[in-house]
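Student: The chain contents come next:
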Amino acid sequence: MEITTKDCNDVKVVSFKGRIVYDTEEIVKRETEKLVKGTVKNLVFNFGELTYINSSGLGLLINVLKQIRAAKGDVKLSNLRPELMELFKITSLNSVFDISPDEETAVNKFVKK
Amino acid sequence: MVLFENQLYIEFPSKKDFIDFVSNKVISSINTIAQEVHSQNINDETSMPQDLNIFGFGMNLSIDEALKNAIVHGNRVDPLKKVALSYYINSEKLEIIVRDEGIGFDHKNYKANQEIDAEAGRGLLLINNFMDEIKFNESGNEITMIKYLGKSKTAREDF
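Chains A and B are the protein sequences, given in the same order. Those letters in the first sequence? Residues 1 to 113, by this note's numbering. Those letters in the second sequence? Residues 1 to 159, by this note's numbering.
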């Protein structure tokens, strides 16, 4: 599991590579805690190379989203693989998260505000 | 047409560390046999069409969630209690059984309604979605998940 970040003006883009499973959950927790504590609260998660996530991983994402929204920011998701998109639809989480087809669209949603 | 049957049994202590290991083992074991048989049958017109994609993401997720439920909710992460997974596959269906040593899940009174942004409680919803049939034993400590091979019986697209 690899998590990399880059700054685009006031937006932080976070790219996930690999699988969020029990073995890699701690890495994701550690990295997302840094994001929650950071100054930039406008976050775009790029899931282009995220190939797997289970209900436990989804819970983790919701936890991050709640904390970031409480700090007046948002976590926007982008570039989901079809199977992950399906997962978000099944769980209705596509109505909780703002999901964009690609990273650029997601970043622009913050810029337009 | 090549007909086949295969089964596997794994028993392990209730530690979360085992979930990824066991699901990977099971998925790769199922895939190996399914692919071998598929390659034998591929040019055989008497064979029923099998969709190998059903052994991908959704199957992995169902096994993952069932093991997590058994370890966390069934055995309450007590390493002295064991979880047993067995699967049985033949030309028509794949059946996966996961059993724990807990007091049992109250499947009759279970209601899946929950806050949409709750941080837990989606495991069974996901299993239900990706498998064709699920059933519990009377005491609720054993779940059987069934996927029919060939054309899926569920309406949704599989992957």
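Just to be clear, a hint being listed does not mean it is correct.
Said to hold, decoys possible - Here are the computed distance ranges between Cβ atoms for each label pair:
{"hint": "1", "chain 1": "B", "residue 1": "Glu133", "chain 2": "A", "residue 2": "Glu33", "range": "37 to 45 Å"}
{"hint": "2", "chain 1": "B", "residue 1": "Ala84", "chain 2": "A", "residue 2": "Gly18", "range": "24 to 32 Å"}
{"hint": "3", "chain 1": "B", "residue 1": "Ile27", "chain 2": "A", "residue 2": "Met1", "range": "16 to 24 Å"}
{"hint": "4", "chain 1": "B", "residue 1": "Lys16", "chain 2": "A", "residue 2": "Thr51", "range": "42 to 50 Å"}
{"hint": "5", "chain 1": "B", "residue 1": "Gln114", "chain 2": "A", "residue 2": "Asp10", "range": "32 to 40 Å"}
{"hint": "6", "chain 1": "B", "residue 1": "Asp106", "chain 2": "A", "residue 2": "Pro101", "range": "52 to 60 Å"}
{"hint": "7", "chain 1": "A", "residue 1": "Gly18", "chain 2": "B", "residue 2": "Glu133", "range": "17 to 25 Å"}
{"hint": "8", "chain 1": "A", "residue 1": "Asn108", "chain 2": "B", "residue 2": "Leu3", "range": "54 to 62 Å"}
{"hint": "9", "chain 1": "A", "residue 1": "Thr5", "chain 2": "B", "residue 2": "Leu125", "range": "29 to 37 Å"}
Claimed, not checked - Below, simulated DSS-like cross-link-like pairs (lysine-lysine); rule was C-alpha separation at most 30 Å, straight line:
{"hint": "10", "chain 1": "A", "residue 1": "Lys37", "chain 2": "A", "residue 2": "Lys17"}
{"hint": "11", "chain 1": "A", "residue 1": "Lys6", "chain 2": "B", "residue 2": "Lys15"}
{"hint": "12", "chain 1": "A", "residue 1": "Lys17", "chain 2": "B", "residue 2": "Lys135"}
{"hint": "13", "chain 1": "B", "residue 1": "Lys81", "chain 2": "A", "residue 2": "Lys89"}
{"hint": "14", "chain 1": "B", "residue 1": "Lys68", "chain 2": "B", "residue 2": "Lys25"}
{"hint": "15", "chain 1": "A", "residue 1": "Lys66", "chain 2": "B", "residue 2": "Lys16"}
{"hint": "16", "chain 1": "B", "residue 1": "Lys82", "chain 2": "A", "residue 2": "Lys89"}
{"hint": "17", "chain 1": "A", "residue 1": "Lys29", "chain 2": "B", "residue 2": "Lys135"}
{"hint": "18", "chain 1": "A", "residue 1": "Lys41", "chain 2": "B", "residue 2": "Lys108"}
{"hint": "19", "chain 1": "A", "residue 1": "Lys6", "chain 2": "B", "residue 2": "Lys82"}
{"hint": "20", "chain 1": "A", "residue 1": "Lys34", "chain 2": "B", "residue 2": "Lys25"}
{"hint": "21", "chain 1": "A", "residue 1": "Lys29", "chain 2": "B", "residue 2": "Lys81"}
{"hint": "22", "chain 1": "B", "residue 1": "Lys15", "chain 2": "A", "residue 2": "Lys66"}
{"hint": "23", "chain 1": "B", "residue 1": "Lys81", "chain 2": "A", "residue 2": "Lys6"}
{"hint": "24", "chain 1": "B", "residue 1": "Lys93", "chain 2": "A", "residue 2": "Lys29"}
{"hint": "25", "chain 1": "B", "residue 1": "Lys15", "chain 2": "A", "residue 2": "Lys17"}
{"hint": "26", "chain 1": "A", "residue 1": "Lys66", "chain 2": "B", "residue 2": "Lys82"}
{"hint": "27", "chain 1": "A", "residue 1": "Lys29", "chain 2": "A", "residue 2": "Lys66"}
{"hint": "28", "chain 1": "A", "residue 1": "Lys66", "chain 2": "B", "residue 2": "Lys68"}
{"hint": "29", "chain 1": "A", "residue 1": "Lys66", "chain 2": "A", "residue 2": "Lys41"}
{"hint": "30", "chain 1": "A", "residue 1": "Lys89", "chain 2": "A", "residue 2": "Lys72"}
{"hint": "31", "chain 1": "A", "residue 1": "Lys37", "chain 2": "B", "residue 2": "Lys16"}
{"hint": "32", "chain 1": "A", "residue 1": "Lys17", "chain 2": "B", "residue 2": "Lys111"}
{"hint": "33", "chain 1": "B", "residue 1": "Lys15", "chain 2": "A", "residue 2": "Lys34"}
{"hint": "34", "chain 1": "A", "residue 1": "Lys17", "chain 2": "B", "residue 2": "Lys81"}
{"hint": "35", "chain 1": "A", "residue 1": "Lys29", "chain 2": "B", "residue 2": "Lys108"}
{"hint": "36", "chain 1": "A", "residue 1": "Lys89", "chain 2": "A", "residue 2": "Lys29"}
{"hint": "37", "chain 1": "B", "residue 1": "Lys135", "chain 2": "A", "residue 2": "Lys34"}
No wet-lab data here; the hints were simulated from the structure. Ideal Cβ positions, reconstructed from N, Cα and C, are used throughout, including at glycine.
Student: Now, for every hint given, state plainly whether the structure supports it.
Tutor: Going through the hints against the structure:
With their beta carbons about 40 Å apart, glutamate 133 of chain B and glutamate 33 of chain A fall inside the hinted range of 37 to 45 Å. A hinted range of 24 to 32 Å for the beta carbons of alanine 84 of chain B and glycine 18 of chain A is consistent with their spacing of about 29 Å. Take isoleucine 27 of chain B and methionine 1 of chain A: their Cβ atoms lie about 19 Å apart, and the range 16 to 24 Å holds. For the pair lysine 16 of chain B and threonine 51 of chain A, the supplied restraint of 42 to 50 Å is violated, since their beta-carbon distance comes to about 20 Å.
Glutamine 114 of chain B and aspartate 10 of chain A have their C-beta atoms about 34 Å apart, which keeps the hinted 32 to 40 Å range intact. Range check, aspartate 106 of chain B to proline 101 of chain A: about 41 Å between beta-carbon atoms, so the 52 to 60 Å window is missed. Restraint check, glycine 18 of chain A to glutamate 133 of chain B: a C-beta distance of roughly 32 Å breaks the suggested window 17 to 25 Å. Remark: the range hint 54 to 62 Å for asparagine 108 of chain A to leucine 3 of chain B is upheld by a beta-carbon distance near 56 Å.
Taking the beta carbon of each, threonine 5 of chain A and leucine 125 of chain B are about 32 Å apart, inside 29 to 37 Å as hinted. The suggested pairing of lysine 37 of chain A with lysine 17 of chain A holds, with an alpha-carbon distance near 22 Å, which does not exceed 30 Å. Between lysine 6 of chain A and lysine 15 of chain B the CA atoms are separated by roughly 36 Å; this puts the pair beyond 30 Å, and the hint is violated. Of the pairs offered as hints, the one joining lysine 17 of chain A and lysine 135 of chain B is violated, with about 35 Å between alpha carbons and a cut-off of 30 Å exceeded.
For the proposed pair lysine 81 of chain B and lysine 89 of chain A, the alpha carbon gap of about 35 Å is over 30 Å, so the pair is violated. A distance of roughly 16 Å separates the Cα atoms of lysine 68 of chain B and lysine 25 of chain B; the hinted pair therefore holds under the 30 Å criterion. At most 30 Å may separate the alpha-carbon atoms for a hinted pair to count; lysine 66 of chain A and lysine 16 of chain B meet this at roughly 26 Å. For the hint pairing lysine 82 of chain B with lysine 89 of chain A, the CA-to-CA distance comes to about 34 Å; that exceeds 30 Å, so the pair is violated.
For the given pair, lysine 29 of chain A sits about 34 Å from lysine 135 of chain B by alpha-carbon distance, which is inconsistent with the 30 Å threshold. Note on lysine 41 of chain A and lysine 108 of chain B: the hinted pairing is violated, with a Cα-Cα distance of about 43 Å set against a maximum of 30 Å. Simply put, lysine 6 of chain A and lysine 82 of chain B have alpha-carbon atoms about 44 Å apart, too far for the 30 Å limit, and the pair is violated. Restraint check for lysine 34 of chain A and lysine 25 of chain B: not satisfied, since their Cα atoms lie roughly 34 Å apart, outside the 30 Å limit.
The hinted pair formed by lysine 29 of chain A and lysine 81 of chain B meets the criterion: a straight-line CA distance of about 28 Å does not exceed 30 Å. Using a Cα cut-off of 30 Å, the hinted pair lysine 15 of chain B and lysine 66 of chain A holds, with the two alpha carbons roughly 29 Å apart. Restraint check for lysine 81 of chain B and lysine 6 of chain A: not satisfied, since their Cα atoms lie roughly 45 Å apart, outside the 30 Å limit. For the hint pairing lysine 93 of chain B with lysine 29 of chain A, the CA-to-CA distance comes to about 38 Å; that exceeds 30 Å, so the pair is violated.
Only pairs whose Cα atoms come within 30 Å are accepted, and lysine 15 of chain B paired with lysine 17 of chain A is accepted, the gap being roughly 26 Å. Among the hinted pairs, lysine 66 of chain A with lysine 82 of chain B is inconsistent with the structure: their alpha-carbon atoms are about 35 Å apart, more than 30 Å. The hinted pair formed by lysine 29 of chain A and lysine 66 of chain A meets the criterion: a straight-line CA distance of about 14 Å does not exceed 30 Å. The suggested pairing of lysine 66 of chain A with lysine 68 of chain B holds, with an alpha-carbon distance near 24 Å, which does not exceed 30 Å.
The straight-line distance between the Cα atoms of lysine 66 of chain A and lysine 41 of chain A is roughly 12 Å, inside the 30 Å bound, and the hint therefore holds. Restraint check for lysine 89 of chain A and lysine 72 of chain A: satisfied, since their Cα atoms lie roughly 25 Å apart, inside the 30 Å limit. The suggested pairing of lysine 37 of chain A with lysine 16 of chain B holds, with an alpha-carbon distance near 28 Å, which does not exceed 30 Å. Our distance criterion of 30 Å between C-alpha atoms is broken by lysine 17 of chain A and lysine 111 of chain B, whose separation comes to about 35 Å.
With a C-alpha separation of about 28 Å, the suggested pair lysine 15 of chain B and lysine 34 of chain A falls inside the 30 Å cut-off, and the hint holds. As the CA atoms of lysine 17 of chain A and lysine 81 of chain B are separated by approximately 34 Å, the hinted pair breaks the 30 Å bound. For the proposed pair lysine 29 of chain A and lysine 108 of chain B, the alpha carbon gap of about 35 Å is over 30 Å, so the pair is violated. In summary, the hint linking lysine 89 of chain A to lysine 29 of chain A is supported, as the alpha carbons are separated by about 24 Å, within the 30 Å threshold.
At roughly 42 Å between alpha-carbon atoms, lysine 135 of chain B and lysine 34 of chain A are farther apart than 30 Å, so this suggested pair is violated.
When held up to the earlier numbered hints, the structure conflicts with 4, 6, 7, 11, 12, 13, 16, 17, 18, 19, 20, 23, 24, 26, 32, 34, 35, 37 and fits the remainder.
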